[in-house]
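Student: Using the sequences provided together with the hints, build the complete structure.
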Amino acid sequence: MSHHPRLVIGSPHRYGDLARIWYRWVARDVVPAFEAVGLEVEVHIFRDANSEQFTTELFPGVRFWDNGAGMRDHMEYYDAALQSADCDFLLFLDSDTFFFDAEWAARHFAAFADPKVAAVSLMPRNGRPAMFALLCRTTSYRALPPPAFACRYEFPDIWPNGKELEVGDCAARELATRGQVIVNISAEEALRNIANFRSSTALRATKESIVHEMGEQGFERCVVEHRAYTVPAFDNVLLGCLYQALFAEPFAASSAGVHLGGSVTVDVLRRATRTIQDREELERLRARFGQSERHILRMAERERVQVSIPSVLPDFVGTAPLQKRA
Amino acid sequence: MLETGEVYRQQKFGPSTVNRGAILFGCEWDGGRFERGLFMGGMFRSGEFAGGFFYGGLFLNATWLGGVWEGGFDRNGLFHARSDSPDKR
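Taken in order, these protein sequences are the chains called C and R.
In case it helps, the numbering used here puts the first sequence at residues 1 to 326.
In case it helps, the numbering used here puts the second sequence at residues 1001 to 1089.
These are calculated hints, taken from the structure and not from any lab test.
From a predicted model like this one, the values you see are computed outputs, not experimental measurements.
One or more of the hints may lead you astray.
Here are a few chain C residues that face chain R, going by a calculated C-beta distance under 8 angstroms [to be verified]: (1) Met75; (2) Trp159; (3) Asn161; (4) Val211; (5) Gly218.
We treat Cβ as the ideally placed atom computed from N, Cα and C, and that holds for glycine.
Tutor: Below is the structure:
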């Protein structure tokens, strides 16, 4: 009997609506692409919260993991999956990360023909390997002292000048000392092949805490004053456009069912961007928003649906001229 | 006294400060009592954390009395996951 290496596609999720989009892409494109290169593939979803939103009807064939001892949050999930998943390879694919061309991703599996290759980072962070879409050989990572993937803050005594190592950074360093290699796909190549709406989930999770402490108005104030929320807020607007086109339901809804009420509504985002006076900052945002718009439009094209993207920047001139604007 | 509705970024607070609901992004807390609010990133160097949310910062030589630990680093720079608050280690 032939033995196919086993691949688990693992992903931590918090919200069922985003997971619906994610799994639609994974089931349709990613699983077949990796099966085509000779792997036996299984999909695992870690339900970091809201487990009731993840029903087997919506996610057929998925194996679910829930938070608990040893897997208390998405940060611990990576190591728990490494230790417990019955597989030869793991593809960690973030909940907000989508392959335009899954066959491109699967072709990189060939790198493992070299026994020194421990992983392929399909999307870098600041030029270095990252966890957004990391295809890894389990034996290489299991040989590291656990928790292999844990993040760390080095030299806390000299904060804020210490070094914050993100999830997987310590592992990458340790692997290098052992002569193991992480193939690091360039940002340019990744941008052509991957859509990533970074921090869109984190924004929603953070909003839950902020509203708990200071209500909706307090959260709006944070959106205005803390510009790190602006891009993920717009990314949720875009994901909401796609989600509504696909499923005709509100995305990131509040408990009252308001579309984007669990993130940042278009009106609030417009009010926040109107307070930005620095033209250079506005131009940076325009460029960054344009990148996300192009990604959502490619996804919509793949889905054969029309999306209508609202303008949220003052004097906004669209970067997607073919698209009707609300 | 810091109150609900206030937002601070990258500021330092000393031993006479009490937080009753403000949100602190990337701040340094050195003494004082944190009763409510959010501490996001930053350095909780000393003092008491008695309530509110702690997100992703460093918790150095302070006292944990209560609140919600959503993840963060201890004095050695090791990460502790959600619910693994300093009083449970």
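Student: A separate judgement is required for each hint: does it hold in the structure or not?
Tutor: Hint check results:
no., hint, in the structure
1, Met75, "holds, 5 angstroms"
2, Trp159, "holds, 5 angstroms"
3, Asn161, "violated, 11 angstroms"
4, Val211, "violated, 11 angstroms"
5, Gly218, "holds, 6 angstroms"
Checked against the numbered hints listed earlier, the structure breaks hints 3 and 4; every other hint is satisfied.
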